[in-house]
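Novice: For reference, the chains in residue letters:
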Amino acid sequence: MKKLTIADTLNSPAEQIKNKVKSAINNSKGLNIFLETYGVKPSKAKKGRLNNVPFSLKDNILLEGKISSCGSRMLEDFVSPYSAFVVEKLLAAGALPVGRTNMDEFAMGSSTENSAFGPTKNPLNSEYVPGGSSGGAAASVAVGSCAFALGSDTGGSVRQPAAFCGLYGFKPTYGVFSRRGLVSFCSSFDQIGVIANNIDDIITVSSVMNEKDPFDLTSYADRDLQDIDQVNYDNVDLRGKIVGIMSGFDPISVSDDIQSRYLELIEKMSDLGAEMVNISPPFLENSVPLYQILSTAEASSNLSRYDGIKYGLRKEGKTLDSMRRSTRSFGFGEEVKRRIILGTYVTASEYSEQYYKKALKIRGLMRKNYEAFFSTINYILLPTTPTPPFRLGEKINDPVSMYFSDVFTAIANILGTPAITMPCGESSDGLPIGIQLMGGIGSDLDLLKFAGKVAGELK
Amino acid sequence: MKKDVFPVLGVEVHIQVKSDRKIFCNCKNTFGAAPNSHICPICTGQPGTLPVFNRNILTSALNLSLALNCRTNLFTGFDRKNYFYPDTPKNYQITQNEFPIGYDGNFFFFSPENTYSLGITRVHMEEDSAKLVHKEDSAKLVHKEDSLEKGSTIDYNRSGIPLLEVVTEPEFHDSDSVVYFLEFLKRTAQYLGISECNMEEGSLRVDTNISLTHDLAILPDYRVEIKNLNTFSGIRSAIEYEIERQRVLFDRDLVPESETRNWDSKAKVTRTMRKKESFNDYRYFPEPDIPPILLSEKNLFALKDDLPLTPGFAMNQLTFNFRLRKEDAYVLSSEKAMYLYFIEASKYCVQYEQMVNWITGDVIHYLRERGEGFEDCKLPPKVFADIVKRIGTGKLTGKIFKSILGRLLSGEDFNEMLENENISVISDRDELKEIAEKILSENPAQVKLYIGGKTGLIGFFMGMMMKVTDGRCDPKLSQQIFEELLDK
Chain A
1 MKKLTIADTL
11 NSPAEQIKNK
21 VKSAINNSKG
31 LNIFLETYGV
41 KPSKAKKGRL
51 NNVPFSLKDN
61 ILLEGKISSC
71 GSRMLEDFVS
81 PYSAFVVEKL
91 LAAGALPVGR
101 TNMDEFAMGS
111 STENSAFGPT
121 KNPLNSEYVP
131 GGSSGGAAAS
141 VAVGSCAFAL
151 GSDTGGSVRQ
161 PAAFCGLYGF
171 KPTYGVFSRR
181 GLVSFCSSFD
191 QIGVIANNID
201 DIITVSSVMN
211 EKDPFDLTSY
221 ADRDLQDIDQ
231 VNYDNVDLRG
241 KIVGIMSGFD
251 PISVSDDIQS
261 RYLELIEKMS
271 DLGAEMVNIS
281 PPFLENSVPL
291 YQILSTAEAS
301 SNLSRYDGIK
311 YGLRKEGKTL
321 DSMRRSTRSF
331 GFGEEVKRRI
341 ILGTYVTASE
351 YSEQYYKKAL
361 KIRGLMRKNY
371 EAFFSTINYI
381 LLPTTPTPPF
391 RLGEKINDPV
401 SMYFSDVFTA
411 IANILGTPAI
421 TMPCGESSDG
431 LPIGIQLMGG
441 IGSDLDLLKF
451 AGKVAGELK
Chain B
1 MKKDVFPVLG
11 VEVHIQVKSD
21 RKIFCNCKNT
31 FGAAPNSHIC
41 PICTGQPGTL
51 PVFNRNILTS
61 ALNLSLALNC
71 RTNLFTGFDR
81 KNYFYPDTPK
91 NYQITQNEFP
101 IGYDGNFFFF
111 SPENTYSLGI
121 TRVHMEEDSA
131 KLVHKEDSAK
141 LVHKEDSLEK
151 GSTIDYNRSG
161 IPLLEVVTEP
171 EFHDSDSVVY
181 FLEFLKRTAQ
191 YLGISECNME
201 EGSLRVDTNI
211 SLTHDLAILP
221 DYRVEIKNLN
231 TFSGIRSAIE
241 YEIERQRVLF
251 DRDLVPESET
261 RNWDSKAKVT
271 RTMRKKESFN
281 DYRYFPEPDI
291 PPILLSEKNL
301 FALKDDLPLT
311 PGFAMNQLTF
321 NFRLRKEDAY
331 VLSSEKAMYL
341 YFIEASKYCV
351 QYEQMVNWIT
361 GDVIHYLRER
371 GEGFEDCKLP
381 PKVFADIVKR
391 IGTGKLTGKI
401 FKSILGRLLS
411 GEDFNEMLEN
421 ENISVISDRD
431 ELKEIAEKIL
441 SENPAQVKLY
451 IGGKTGLIGF
461 FMGMMMKVTD
471 GRCDPKLSQQ
481 IFEELLDK
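In order, the protein sequences belong to chains A and B.
So for the first sequence, this note's numbering puts the first residue at 1; every next one is plus one.
So for the second sequence, this note's numbering puts the first residue at 1; every next one is plus one.
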């Protein structure tokens with residue numbers, strides 16, 4: 001598998017890029033990575049910073065005139081009436097969309113097995129899942145079909161598959177990338193994220209995509225990120241940086257391999273001069289239930305628009321009600337239905353106080369707490385996942401264990417903070433393991449530079 | 001003996017805000033355009049779209065809230081109201097639940113005779129729904145949802161038009177005060193430039209809650225909501241019908257059921273639309289796509305200072321400062337432009353009552369005939385004031401003013417008329433005496449009878465005088481001259 005980077009593609013003739021992409025796509029057909037490929041048409045004219053750089057789109061990010069199905073029968077034939085803001089930015093910079101990638105339906109899942117169009121397999125070992133929900137996105141980079149992939153990260157959906165495929169995956173501060181044209185799952189957690197083969201590429205893509213979008217009130221401009229061109233890592237120093245680390249893990253839920261790689265990295269960073277301090281990230285044990293309550297609550301509302309009336313699937317019925325019922329019963333998969341029901345339950349007037357409103361309060365507390373935290377430490381180092389990649393089918397019938405995949409990632413979504421996963425060695429079975437760095441709100445470029453420095457030292 | 005029952009009523013009013021754009025997208029806010037000609041991905045709820053709050057609406061909302069003497073939530077924001085209905089493209093409505101822009105208000109309003117004070121529960125912003133167009137007559141359908149089979153279409157032009165909802169406390173006890181409130185609320189919205197409040201176009205929509213109680217200190221534990229009220233007279237009839245319907249139940253010791261009823265304006269009855277058992281849990285929660293809105297106290301004070309004129313202020317000014325009768329003030333202030341016309345004219349003429357009579361009588365009548373309003377009246381208030389003054393001092397007659405009013409309203413200059421035409425009153429004693437002498441000499445028989453004691457004939461001579469002078473003679477002086485001549 002020959003990987004693609006932005007630097008490679010910028011320095012290669014267009015025809016060569018085209019052939020590379022084509023053969024990578026053809027050679028990986030059995031992995032079910034792409035739901036549709038667009039055919040690569042490199043342009044002669046030089047457009048911008050990402051001239052003829054191929055990238056893939058997760059199936060929930062809109063490209064005008066193309067289908068975006070969100071991995072769901074509900075939107076199997078839905079043609080996007082407009083392009084996502086970040087996609088517009090990438091196209092303007094000359095980037096080439098190669099296709100849309102498979103995903104867990106409406107981004108609900110951690111293995112890409114919840115796709116209505118079959119699971120995607122891990123390119124490193126096809127008996128394993130590529131992670132999810134952006135499993136197709138990570139796999140598309142891993143097989144060398146594109147230099148970077150756009151995914152979406154609501155509870156770890158970019159970082160976990162990036163880790164499972166041995167790649168870098170970045171979820172920025174909430175608002176750095178406009179959500180316009182990203183099909184909403186949980187509006188207050190959703191962020192588009194970038195998966196690539198190195199951090200420099202993530203920085204370049206983030207720099208191109210960041211801008212205040214007048215059509216997303218939660219987006220904002222990060223001047224530092226916009227202005228960055230080339231990072232000079234000589235100016236980045238680990239010394240004097242304070243990194244918070246976990247003081248211990250529950251041995252049953254976090255695998256030995258992960259713990260070993262994590263401890264090794266701590267030692268390495270410490271040797272390089274970073275001050276590694278034991279903290280117990282507060283509320284970490286609450287983050288999965290909190291994430292499930294808040295994300296299902298918003299999802300139940302966000303997904304109610306799929307009713308067979310305006311667009312997408314319609315199953316005819318004798319009355320409006322029966323039409324809506326059969327459309328939604330048939331159009332949504334099991335996991336999506338489970339979460340809609342959960343979300344409806346936790347926001348029902350009888351239970352809202354007990355679940356949804358309580359979770360909101362805890363989120364508020366957490367944000368305050370961590371804000372204080374980040375005034376004394378620079379970063380938090382966490383494993384990306386509690387286990388290395390698992391086998392296809394291993395967790396699909398055990399939703400709670402599947403939800404636990406988010407235990408180290410959901411916190412960044414709850415807080416709105418930036419986080420990046422880096423490949424960090426392998427498991428005893430030879431599968432990739434990722435470790436994650438998280439920074440404070442708005443520290444995106446700083447975090448990326450620091451992570452880039454650490455990654456450089458690891459090579 | 002049957003105990004007395006008292007009706008208790010509350011009102012929910014939806015006002016469409018007059019704005020260039022819809023509340024959450026850039027589509028035009030218009031009425032009557034071809035179906036689905038003003039729609040976009042946002043107002044049709046396409047996947048991946050996000051609402052962008054049009055902050056111009058905030059000013060309208062704050063102004064109305066202030067005009068209703070509401071308290072303002074300086075921390076305000078939007079919530080989602082979740083329910084499945086085909087006219088709601090996202091199957092949730094973006095509205096304000098927890099922190100409405102205004103709450104705890106106290107609205108002073110007027111009828112031609114009285115002043116009322118009413119508790120306002122809340123004023124909030126929200127988006128309008130799309131419009132379902134049923135091929136069947138929707139009023140005949142008990143369950144509107146049945147109509148899908150018969151072919152219904154959805155016009156999304158209305159989807160996302162900004163609405164202000166006003167909810168009153170249940171403080172009304174009869175239909176009159178409800179209608180007076182609605183009329184005055186409508187005037188308020190018109191004065192503030194928020195809305196035309198045109199019920200036919202649906203820019204003012206009213207729901208009312210009605211229940212009865214034996215004891216006004218205890219609020220009834222049921223309530224009947226009436227929807228589909230399209231005219232003020234319909235509202236009055238529906239309320240009166242519903243009070244009577246419930247009273248009959250009370251007389252039989254029955255308690256009416258909580259339900260939503262529809263007003264059938266043809267049959268003049270209310271009919272069950274849905275029972276409260278099918279109660280909807282709206283599962284409100286904060287709208288995550290729109291950050292909270294923080295208002296500063298400073299801006300609020302500035303807005304209060306700049307609050308546009310309200311009809312309540314106009315009423316107070318007209319009755320206290322100008323000492324007009326309430327009925328006159330009520331009519332005069334019914335339109336902002338008419339009121340302002342009077343205020344401008346009042347700078348030049350103190351005969352307020354006469355001016356009001358002219359303004360609310362012949363002037364508005366002629367203007368309406370011409371399809372115009374006071375805002376584009378071609379007779380300047382200053383000239384109008386001068387004319388009323390002339391009539392007061394006998395230099396011009398009302399009859400003549402009426403006869404030239406049409407020309408004045410089409411822009412002809414009064415002073416030119418005064419110079420070039422014989423329109424002013426003849427008050428020259430010698431001129432009138434000459435005419436009077438001529439009349440007397442031509443009617444010797446009547447003169448004889450007058451001298452014989454039939455003094456009522458003075459009216460006959462005056463009539464002749466009017467005829468000869470085209471009504472321009474000074475009547476007082478003319479009569480005096482006739483009497484002097486005849487008494488000789």
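Note that these hints are calculated values from the structure, not bench results.
Hints are not guaranteed to be accurate.
Stated by the list, open to error - Taking CB as the label site, the calculated pair distances span:
#1 Phe301(B) x Glu275(A): 30 to 36 Å
#2 Leu365(A) x Ser265(B): 51 to 57 Å
#3 Ile441(A) x Leu295(B): 51 to 57 Å
Said to hold, decoys possible - The list that follows gives simulated cross-link-like pairs (lysine-lysine, DSSO-like), each with its CA atoms no further than 27 Å apart:
#4 Lys212(A) x Lys275(B)
#5 Lys318(A) x Lys135(B)
#6 Lys266(B) x Lys358(A)
#7 Lys3(B) x Lys315(A)
#8 Lys275(B) x Lys318(A)
#9 Lys135(B) x Lys315(A)
#10 Lys66(A) x Lys212(A)
#11 Lys81(B) x Lys337(A)
#12 Lys318(A) x Lys131(B)
#13 Lys357(A) x Lys135(B)
#14 Lys310(A) x Lys389(B)
#15 Lys28(B) x Lys315(A)
All residues carry an ideal CB built from backbone N, CA and C; glycine is no exception.
Novice: For each hint, tell me whether it holds in the structure or not.
Specialist: Now the hints, each set against the structure:
no.	hint	verdict
1	Phe301(B) x Glu275(A): 30 to 36 Å	violated (50 Å)
2	Leu365(A) x Ser265(B): 51 to 57 Å	holds (54 Å)
3	Ile441(A) x Leu295(B): 51 to 57 Å	violated (24 Å)
4	Lys212(A) x Lys275(B)	violated (48 Å)
5	Lys318(A) x Lys135(B)	holds (17 Å)
6	Lys266(B) x Lys358(A)	violated (51 Å)
7	Lys3(B) x Lys315(A)	violated (57 Å)
8	Lys275(B) x Lys318(A)	holds (23 Å)
9	Lys135(B) x Lys315(A)	holds (22 Å)
10	Lys66(A) x Lys212(A)	holds (25 Å)
11	Lys81(B) x Lys337(A)	holds (20 Å)
12	Lys318(A) x Lys131(B)	holds (22 Å)
13	Lys357(A) x Lys135(B)	violated (43 Å)
14	Lys310(A) x Lys389(B)	violated (66 Å)
15	Lys28(B) x Lys315(A)	violated (33 Å)
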